[in-house]
Amino acid sequence: MARRELRASGRRLTLFIASVSVGVAAIVAVGGFKANVLASLQNQGRLLLGADLELESRFEFPPEVRAHLDSLVAAVGALADVTSLPTMVAAGETGRSALLTVRAVEPTYPFYGTVETAPPGAWAGLARVGGALADEAAMTRLGVTIGDTIVVGDRRLAVRGRVTTIPGDPGIRSAVNPRVYIAHEDLAATGLIREGSLVAYRTYVRAEERRSVFRFLRVHREELGAAAITWDTAAERERDLERAFDALSRFLGLVGLGALLLGGVGVASAMHVYVRQRRESAAVLRCLGASGWTLVRIYVLQAVVLALVGAAIGALLGVGLQAAVPAVLADVLPLDLEFRADWASIGTGIAAGLWTATVFACRTILPIRHVPALGAVRDAAIGTSAASETETGSRLAERVVGASIIATIVGLCIWQAGNVPVGLGFAVGAAVTLAALTGVANALVALIRRAAPRKSPFPVRQGVANLFRPQNQTRAAVVAIGFGVFVIGTITVVETNVRDRFSLAALGMSANMAVFDVQQDQTAGVLALLEEGGHPPLDVIPIIPARLAAVRGRPTSELLAEIERGRFRRRASPPDTTSFGPPQGWALRREYRNSARDTVVAGERIVEGDWWGAEAASGVQVSLETEVARALRVGVGDTISWDFQGRTIASEVTSLRIVDWARLEPNFVAVFRPGSLSGVASTDLILTRIDDPEARAVFQDRVATGLPGALVIDLTSIQQTIGRILDRAALATRFMGGFTLFAGLLILAAIVVASRALRRRENALLRALGASSSALRTILVTEFLVLGALAGLTGAVLSAISGWALSVWVFEMPYRVPVGLLLVLCVGTAIVTLVIGALGSRAVVRPSALGAIRAAEATG
Amino acid sequence: MAMIVADRVTKTYPSGGDLLTVLEDIDLEVEARDFVAIVGPSGSGKTTLLGLLAGLDRPSSGTVTLDGVRLDSIDEDARARLRAEKVGFVFQTFQLLPTLTAVENVRVPLELAPGETAPDAELEARANDLLARVGLADRADHYPVQLSGGEQQRVSLARAFAHEPTVLFADEPTGNLDRQTGAGVVELLRELNEEARTTLVLVTHDPELAALADRVIRLESGRLVRA
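Those protein sequence lines, which keep their order, are chains A and B.
For reference, each letter of the first sequence is one residue, going 1 to 860 in the working numbering.
For reference, each letter of the second sequence is one residue, going 1001 to 1227 in the working numbering.
Next comes chain A alone, as it looks inside the complex (with noise of 0.2 Å):
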């Protein structure tokens, strides 16, 4: 029987099948992604580090680590060091020069994975034939080609090859970060490596074991942290990239499910204007003797298999939208995605989609059983027989499947949040959000109600009437789109505020360009170059390097040897939180980059003590970032001693600053009373603004082969690669979003369908009379118009909300209303329901006048 009544249903079906895909499709595809994230980690962990431990320090390494790393490796593996530095890097032919990382790798690096290079091959010839190697920025930005050389410190090096891959370093790093790779032993001929520069030592182990890793981390973790060396294993990094991606799969997982569960609404929707449809076909089959629960029955049964053709059309594509996220995100992951059907994702996403779509059509299909059999000979006896059967019969089974919705809900939320804490909150979320979207639903459409213009002409007026029919869906379609239209408002919120943190001048900079250490002596001639094009220097900032002498009146060496000899293991824990242990390795060893200023400036905040004053001071006076103040158990009224290249300095905290490192605006740890400070030796920092690319490039050039040493920065380029990798991310969770969007706009078309014969009727009456096409067509375009706005308008309000929450809250950042983006939401919205409301109004724009009598014939 109910295969009979499914045959004659066909097309009208659609919007139930549709609605159980959009919501199975996100569910196949983000788990589908999600496993395959974990599948790769597994098999690409170490691929992720190209060794099983990292070591690294801005300092060589002490040789009595070395002494441990030998004895770990002649034990366990091998030892691969990688030298890298910043400088400028410039092309033999053209001289045209950009800032690049120099990466000097001995030939046993990566241990694990392989580099690949064009020609093949390239990698493993560059310690036997030397020569460099350049990923594909570096060339773009020096404009060379393989075969030419570049000039890297004193050598010039012919490019033997680019490096397209890397294990573990996502192309995105590259962007950034551009590379030029030499053999680890021509570095010293190089002329780099000096006082000053920016060098990072690593070193990468090979264990056999990885057990022998953790024992070696196990042992030595004092002694490296002494010695201010960082570390990082294959394993760490597996697990922080799990962590990573658990988060971000379990965000558009419960994206996903926003879907599913919208999807559930619309084929309840759907199956509730089907059924309102059978009503007389049900009416007969109970005039022929069929029980109320026999025709649930029918109808469920019907439902599970319209649920089943959709969950597998919705699989269906899950897959394929699996297959394609690999592509999208090539650039930002850092490891190689394999796609596999994952068939566990497949089956719980079939699984969830039938039970979801069935229990919701429940819900509709239940008071079919209350048809009555007098239905079949007086239409109008279906309608309220119903209502007082229901009334009066028992209400069990409608209590049953109301509890197993939200059960459905709850539990499907748990299973997305991976935990029952965060599920729980995801439930009470959605229906605070529902709550907040029905509430903002009501104002509006209330508002609207009164504020429609009673001076407009008939059509909109009418237009606007309609959304207030009898027995109206229209908080529901708006409720239903505007949680689309919030969830891809509150992307597009919180994208805008990031995009505007790292702007320029969110970042404190009007300055785009940086000129680093520049010698004393070279000041002048950069001030020149920047006068010589017009280019007026913004600002010119003392870099003072200089190394603690004495912390208090105890010399560095003698702290560093008690931390050694672990006198302070037991009171130094916790170490950031006591002013009361001993300084911190790390901030006693490290090489400060200080400056002088009479100033505060923006993006720091003087937290104690007082920034002095115009007045004389005796002795140097010094202001101190509040992290490294209390890594070295400093406060106001301390001394400190400075060694300043070989010049010991002892000077008095006056003040303590906490800096927003986020901000480009150059800033420092040490900041020192200007004039106290008179002979040591300093390099500058100059700012300058160039708007003109060309320019920018020019002066780039200039400053690389007339100013040896010094780096120029074109921080646009910085910016636009923070673009870049928001773009990326967006458009990973836009997409999810647009599932919620498309699943609350096929509910409209369920809606709009359930309408049609109401819309019919009113279309024919007014044709009847008098009402020309045109009339009808505004009317029509009226009601979409203003229902897409208000669901756009409720979107956009929630999602301001939240997005304010979140970038206050969660980012914290400063916050700004996207006005315009939201509008341009707002009107898309409008247009979209407009489309969809006219596609599903086909048939009615032009209804026979006839239709209006014809009507009154039928019921007669």
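Calculated directly from the structure, the hints in this document are not laboratory data.
There could be a bad hint or two in this list.
[Claimed, not checked] A few chain A residues that don't get close to chain B, going by computed Cβ distances all over 10 Å:
1) E54
2) L72
3) T190
4) F251
5) S281
6) V296
7) A373
8) A550
9) A561
10) A602
11) G635
12) P666
13) W804
14) F811
15) V827
16) I836
[Claimed, not checked] Pair ranges (Cβ atoms, derived):
17) L301/A / D1025/B: 49 to 59 Å
18) L758/A / A1132/B: 25 to 35 Å
19) A1132/B / V305/A: 52 to 62 Å
[As the list claims (entries may be wrong)] With the C-beta cut set under 7 Å, the calculated list includes, among others, these residues of chain B facing chain A:
20) G1051
21) L1056
22) D1057
23) D1077
24) A1080
25) A1084
26) F1089
27) Q1095
28) P1098
29) V1108
30) P1109
31) E1111
32) L1112
33) V1145
All C-beta atoms, glycine included, are put in the ideal place defined by N, C-alpha and C.
We have chain A already, so just place chain B on it with the hints.
Relative to the frame of chain A, chain B by itself:
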């Protein structure tokens, strides 16, 4: 000149592979201010004929002329304009717009009338007058669902006369009402028609209602039996 002229009007509909003839060779003239009742058994083509005379549909052959305008010579929008200007309707199922109040429903023909719409206050006053005339002054702001069947039909009558039509077509105006309410509606229809001196064409099953007409036209199987 006659207000309505039907000349050899035939209406057929495709049915399966054949053509089903609903009306055949109908010749009819209705003079201005006449009250004509169309009667006949179910399926005899009464409503089809009413639709053709009112310009709601087009005959398969033959012509209909309404107030001097041949309806087959103008397109649907022009026919809609003509109806908005000269035709009023009363339907069996009242056909009020559910989204509008009683007074707003009465205003619809005034707002759809061709040419410049009268000032809002004028439209409102006219609609309210008519509602008062049908005894519903205190129900002006009620929505159709808040009104009884008889009240809805009275609103429908007010709406039919709102724009002072030349011809009024009524399709079973008492068909959905009980006898007493129906009698009240008929009485009201007669009064309004006499006041407005409108040509009235009415389809009915009810012999008593038909007896009130100046002329009765009988249809059987799509053919005119008596005119």
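Of the hints given before, which are not true for this structure? none
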